[in-house]
Each structure stands twice: as C-alpha cells, then as structure tokens.
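A.B. asks: These protein sequence lines are chains A and B, in that order. Taking this note's numbering, the leading residue of the first sequence gets -9, the next gets one more, and so forth. Taking this note's numbering, the leading residue of the second sequence gets 71, the next gets one more, and so forth.
A few of these clues could be false.
Claimed, not checked - Computed cross-link-like contacts, SDA-like style, restricted to lysine to any residue with a CA-CA straight-line distance of at most 20 Å:
{"#": "1", "chain 1": "B", "residue 1": "Lys77", "chain 2": "B", "residue 2": "Glu157"}
{"#": "2", "chain 1": "A", "residue 1": "Lys9", "chain 2": "B", "residue 2": "Arg79"}
{"#": "3", "chain 1": "B", "residue 1": "Lys341", "chain 2": "B", "residue 2": "Met71"}
{"#": "4", "chain 1": "B", "residue 1": "Lys310", "chain 2": "A", "residue 2": "Arg189"}
{"#": "5", "chain 1": "B", "residue 1": "Lys203", "chain 2": "A", "residue 2": "Ala(-1)"}
{"#": "6", "chain 1": "B", "residue 1": "Lys203", "chain 2": "A", "residue 2": "Phe169"}
{"#": "7", "chain 1": "B", "residue 1": "Lys77", "chain 2": "A", "residue 2": "Asp192"}
{"#": "8", "chain 1": "A", "residue 1": "Lys167", "chain 2": "B", "residue 2": "Lys344"}
{"#": "9", "chain 1": "A", "residue 1": "Lys9", "chain 2": "A", "residue 2": "Ser26"}
{"#": "10", "chain 1": "B", "residue 1": "Lys180", "chain 2": "A", "residue 2": "Gly73"}
{"#": "11", "chain 1": "B", "residue 1": "Lys166", "chain 2": "A", "residue 2": "Ile44"}
{"#": "12", "chain 1": "B", "residue 1": "Lys77", "chain 2": "A", "residue 2": "Leu107"}
{"#": "13", "chain 1": "A", "residue 1": "Lys166", "chain 2": "B", "residue 2": "Ser217"}
{"#": "14", "chain 1": "B", "residue 1": "Lys72", "chain 2": "A", "residue 2": "Ala39"}
{"#": "15", "chain 1": "A", "residue 1": "Lys183", "chain 2": "B", "residue 2": "Lys275"}
{"#": "16", "chain 1": "A", "residue 1": "Lys123", "chain 2": "A", "residue 2": "Val48"}
{"#": "17", "chain 1": "B", "residue 1": "Lys80", "chain 2": "A", "residue 2": "Glu8"}
{"#": "18", "chain 1": "B", "residue 1": "Lys344", "chain 2": "B", "residue 2": "Leu117"}
{"#": "19", "chain 1": "B", "residue 1": "Lys166", "chain 2": "A", "residue 2": "Leu112"}
{"#": "20", "chain 1": "B", "residue 1": "Lys80", "chain 2": "A", "residue 2": "Glu0"}
{"#": "21", "chain 1": "B", "residue 1": "Lys72", "chain 2": "A", "residue 2": "Lys167"}
{"#": "22", "chain 1": "B", "residue 1": "Lys72", "chain 2": "A", "residue 2": "Ser26"}
{"#": "23", "chain 1": "B", "residue 1": "Lys72", "chain 2": "A", "residue 2": "Phe160"}
{"#": "24", "chain 1": "B", "residue 1": "Lys174", "chain 2": "B", "residue 2": "Ile262"}
{"#": "25", "chain 1": "A", "residue 1": "Lys21", "chain 2": "B", "residue 2": "Met71"}
{"#": "26", "chain 1": "B", "residue 1": "Lys72", "chain 2": "A", "residue 2": "Lys183"}
{"#": "27", "chain 1": "B", "residue 1": "Lys166", "chain 2": "A", "residue 2": "Pro109"}
{"#": "28", "chain 1": "A", "residue 1": "Lys35", "chain 2": "B", "residue 2": "Leu75"}
{"#": "29", "chain 1": "B", "residue 1": "Lys180", "chain 2": "A", "residue 2": "Val48"}
{"#": "30", "chain 1": "B", "residue 1": "Lys275", "chain 2": "A", "residue 2": "Gly194"}
{"#": "31", "chain 1": "A", "residue 1": "Lys166", "chain 2": "B", "residue 2": "Glu274"}
{"#": "32", "chain 1": "B", "residue 1": "Lys77", "chain 2": "A", "residue 2": "Asp7"}
{"#": "33", "chain 1": "A", "residue 1": "Lys167", "chain 2": "B", "residue 2": "Pro272"}
{"#": "34", "chain 1": "B", "residue 1": "Lys166", "chain 2": "A", "residue 2": "Ser153"}
{"#": "35", "chain 1": "A", "residue 1": "Lys167", "chain 2": "B", "residue 2": "Tyr241"}
{"#": "36", "chain 1": "B", "residue 1": "Lys77", "chain 2": "A", "residue 2": "Ala(-1)"}
{"#": "37", "chain 1": "B", "residue 1": "Lys77", "chain 2": "A", "residue 2": "Leu1"}
{"#": "38", "chain 1": "A", "residue 1": "Lys9", "chain 2": "B", "residue 2": "Phe131"}
{"#": "39", "chain 1": "A", "residue 1": "Lys167", "chain 2": "B", "residue 2": "Thr300"}
{"#": "40", "chain 1": "B", "residue 1": "Lys275", "chain 2": "A", "residue 2": "Glu164"}
Since the hints were made in silico from the structure, they are not lab data.
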Amino acid sequence: MTVIPEEDAELLREIFDEKMRSDVEVLLFIKREDSSSDEAEKLLKELSALSPKISLQVYDFDKDREAVERYGISRVPAVTIIGEKDYGIRYYGVPFEQEFETLIEWLISVSRGDVDLSPETLKRLEELEEDKKLTVLVTYACPQCPEVAQRVIEFAVASDNISVDIIDIFEFPEVKKDFPVLVSTPKIFAGNKTLTGWRGSDEGALLELIK
Amino acid sequence: MKISLGKFRKIYDIAVIGGGAAGISAAINGKAAMKDVVIFESDEPLLKIRKAREIRNYPGFPKATGEEISEAFLNHIKEMDIDLKREKVTGIVREKNFVIYTQKGKAWAKTVILAVGLKSEETFPGEEDLLGKGVSYCVLCDGAAYSGGKVAVISDSEEGEMEAEALKKDYGCGVVYIPLYELKSSDASFSILKNRPLAFKPREKGVEVEFKDMEEGLIVDGVFLIKQFTSPGRLVRGLKMRGRHIAVNRAMETNIPGVFAAGDCTGGPFKIAKAVGEGQIAALGAVRYISQLDSQKMEVKQ
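Work the whole structure out from these sequences, hints included.
C.D. replies: In structure tokens:
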C-alpha cells in the first residue's frame, strides 16, 4: 500500500512541474531495523518518484560515517535537501502529516533558490555577518508548526549565515532536556533567545530573534 | 502514516468566523457573488437569535419567534450550499493567504470576516506571561511536549473532557481536570478538582495553579486552558480593538488588509438588522479585495 494516495500524487506532480526549477537531491539518513527510518524511506522513495527533478540518496547512519559527518547529522531519521548548494537545513523525524507540507515547500524553495520574503527582510538578511544556528521544535501533528518551519527554512535559503535544525519532539522526546525552558511547539531557539507559537512565522519577530 | 496537502488543495475565498446573523449574512452575500465561502461556528448557529421569544423589528417578519427567523436563515445557507464547519477557531495568521487554525486542524482563505459576537473571555492572572512556558490552549499542538508529565486541564465546557482524555491516553499524562462549569459525567478516568483557579505562577519546574481557600496550590508541568471563546484581539495577531469592540471603518474593514468584521463584535446597536447589514457590507468588501488581489496577479504575469 502506498503512503501517497494517487489523488495526492497527481496534485504533487502538477505542483512540482509548475514550481520546481533546478534538480534537487534529497538525502535521507537512516538506521536499519528502525521503524521510523523505514517510514521515512518509504515516504521519500514515493515522493522522489513524482518528479524527474528529485533524486533520493539514502545513507546508513552506522556505515556511511563520512556522509554523516560531512552533513553534521546527529540522529536518525534525518532529511536534508541539496540544490545548487547545501543550505544548512536538517529535518530530524519523519516529515509526514502536517510537516509533509513543510517538506514540499522546502523542496520548491531549494529547487528555485529563492524565497517569498519581503524586500526589507532580504536586505536585513544580506547584512547579517555572524553565523546563526536556529533550532525549531515541532511535532508532526501540530497545526501551527508548518508555517513556522517554512518561514525559518526561507530564512536559511535566503542567507548563507543561517543554518537550521528542525526537530520533531514526538520522535525525539529526549531533546526537551537540552533546552532551558519548558517546551511547547512550535518553538524556535537561537542561542539563549526563544520565540514561541505563531510569532515564529512573523518575519519581523524572526529578524529580532537572530539580531 | 498520513500526509497533509491542505494548503495546496483548497483555499477558500472568504472564511466567515461566527455563525450568527452577521456571519450568515456575510456568507450569503459572498456566495451570491460567486465566491467560495466557509462559515466556522463551534456552537449552534444563530443560538442567540433562536432564544428570542418574539422579534418585531426585522423587516418581512412582523411578529416572528427567534426560532422562525433562525430557521429561515439556516434554510437560506442550506439552499445556497454554503459550507458550515462546526469547529472552534483558535487563531488566524496572515501568510500568503490567511491560515485559520481550529481545534481539529486548519484551513486557508484569501479573506476573513470576523462575526464572532460579543462575549467576554475570562483570563487568569499569569496566563499571558506563561503562554508557551507552561500554559497552552492546544492539546494537539503541545500535548507531546508534556508526555508522561502531570498536567491540569481547565475548561469552561465539556470539550475539555475530551482533551483531558486525549492527554491521558495519547500522551500518558497524569491529568487533573478543573471544570469551570457543572460537570455532568462522574465516570471520568482522570482526577477532578472542583475549585475555581485564581492565578498561575511560574515554578522552577512547571506552573502553580492557585486557588481560593487553599494554602498550597497545584503544581503541574503544564496547564491546558480550553475556552469556548477567544477575544478577537487574541484570535488575530495585530488586530486593532476599540475597547471590547473590533475597530472598523464604514466599509467594515479592520486595520489588517483582507480582514473585515461585522455584527455585535463591532459595537451596538445589537440588533439583527444591523448585523445583517454589516455582514453584507463586509462581504462586498471581501469580494472587492479578492478582485484587487486577482488584478495584481494578472499585472505580475503580464
């Protein structure tokens, strides 16, 4: 049985055909005999078959250590998408349910290499000199999370100084211990600064966070 | 394993928030202009009008009961095949389109008409400060964050009982349920505390819920507040209010482009005819706004 129903597959073919520009490579890091890894692999195999512009490369976390280290992968399953370059975006978990939309928007942004941010925001991102690492905590079922994750991905695509880890805390509940404040999703961490809830999708609030 | 593609599949032209006279009128007028319209209403539509024993000042109905007028309104939206979703809206955010979050999921629309009526939202001292730091309004969003922990669910309706069950079953939480209404069922699988909270305070790990006549409060990892009504100012980020009312101009436009308001939520007089008229003006404004969006898109393409 397929994960992506034919009706959705047809829609996705149209979206990719209309919106994607250059080829992208989806990199998936997995462990063998891990049910989440199996789910992620099945989903991404089906997805990559929907457009000739998408290719999939699967790495074994235990065996392919060179790739794991090159991309700085810390846990599995992990997904990253490479276009003209590596935009420094890593997704930890299986991007399904609500987060499937994040995956689709991410593919399109990387393929196009451009984003739909305001001219003011793009100018501020160009002026950014320091490297900024953002961590976004989401759950696949959280309805507010995709807008926040997608906005942060746009920031990372627009600026070489921004890298992002998006972590599904349902898949990795232990990460809650790594953060200094009580967790609710969506939540963005930038150093010791945080942004909670819908405000994470606000360009102005995100610019403040990385200032 | 399921996937969601909602934002790529269905974008309404007009989302009407509230199923009272103003909301129904807005939906009818939007649909009459060939727009794709949805109404969100968590309660019975037209509940307030339905309760009126006699209405004598609505044109065409010299001596009608509230039941008769509301039936006529509801038949009208059925006749026009307008989508009525019995879902509570928990937030609205402006992206490329408006994202309307509900307790069951979300929807997308080009414009929003707020016809939410006029009620007061009870807020507790400490609630705003602890939002996202131990206080949450959404089990679907934040349940996982408290998995295995101890939580309090405070609710002004029976809806909270379902949320408490979900926290217990889906996330393995220890739940203390605090009803702000008369609890009917007694076979709940979680503990019940019938005492009205006074305030929330931050604790080193979690939140303390304070009560009247209780020396020590209840310390939990998180508090879920399940409310029937959210004030428009909190529902839509950046919405300008004028006291308890939404600030609008004569075209029923709010300060946010694409967001309109109509009915009691914009102020008195609190009459059906006024609500219906404002609903119509708001819908016409929304239709005009969509035309402007469409012509901008055309210009970009050319």
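A.B. asks: Work down the list of hints and note, for each, if the structure agrees.
C.D. replies: These are the hints, each one checked on the structure:
no. : hint                 : result
1   : Lys77/B / Glu157/B   : 18 Å, holds
2   : Lys9/A / Arg79/B     : 15 Å, holds
3   : Lys341/B / Met71/B   : 49 Å, violated
4   : Lys310/B / Arg189/A  : 17 Å, holds
5   : Lys203/B / Ala(-1)/A : 39 Å, violated
6   : Lys203/B / Phe169/A  : 12 Å, holds
7   : Lys77/B / Asp192/A   : 18 Å, holds
8   : Lys167/A / Lys344/B  : 54 Å, violated
9   : Lys9/A / Ser26/A     : 29 Å, violated
10  : Lys180/B / Gly73/A   : 31 Å, violated
11  : Lys166/B / Ile44/A   : 25 Å, violated
12  : Lys77/B / Leu107/A   : 18 Å, holds
13  : Lys166/A / Ser217/B  : 11 Å, holds
14  : Lys72/B / Ala39/A    : 18 Å, holds
15  : Lys183/A / Lys275/B  : 19 Å, holds
16  : Lys123/A / Val48/A   : 25 Å, violated
17  : Lys80/B / Glu8/A     : 17 Å, holds
18  : Lys344/B / Leu117/B  : 17 Å, holds
19  : Lys166/B / Leu112/A  : 17 Å, holds
20  : Lys80/B / Glu0/A     : 15 Å, holds
21  : Lys72/B / Lys167/A   : 29 Å, violated
22  : Lys72/B / Ser26/A    : 14 Å, holds
23  : Lys72/B / Phe160/A   : 15 Å, holds
24  : Lys174/B / Ile262/B  : 25 Å, violated
25  : Lys21/A / Met71/B    : 19 Å, holds
26  : Lys72/B / Lys183/A   : 33 Å, violated
27  : Lys166/B / Pro109/A  : 15 Å, holds
28  : Lys35/A / Leu75/B    : 18 Å, holds
29  : Lys180/B / Val48/A   : 39 Å, violated
30  : Lys275/B / Gly194/A  : 31 Å, violated
31  : Lys166/A / Glu274/B  : 15 Å, holds
32  : Lys77/B / Asp7/A     : 17 Å, holds
33  : Lys167/A / Pro272/B  : 18 Å, holds
34  : Lys166/B / Ser153/A  : 24 Å, violated
35  : Lys167/A / Tyr241/B  : 17 Å, holds
36  : Lys77/B / Ala(-1)/A  : 15 Å, holds
37  : Lys77/B / Leu1/A     : 12 Å, holds
38  : Lys9/A / Phe131/B    : 54 Å, violated
39  : Lys167/A / Thr300/B  : 32 Å, violated
40  : Lys275/B / Glu164/A  : 16 Å, holds
Hint compliance for this structure: hints 3, 5, 8, 9, 10, 11, 16, 21, 24, 26, 29, 30, 34, 38, 39 are broken, all remaining hints hold.
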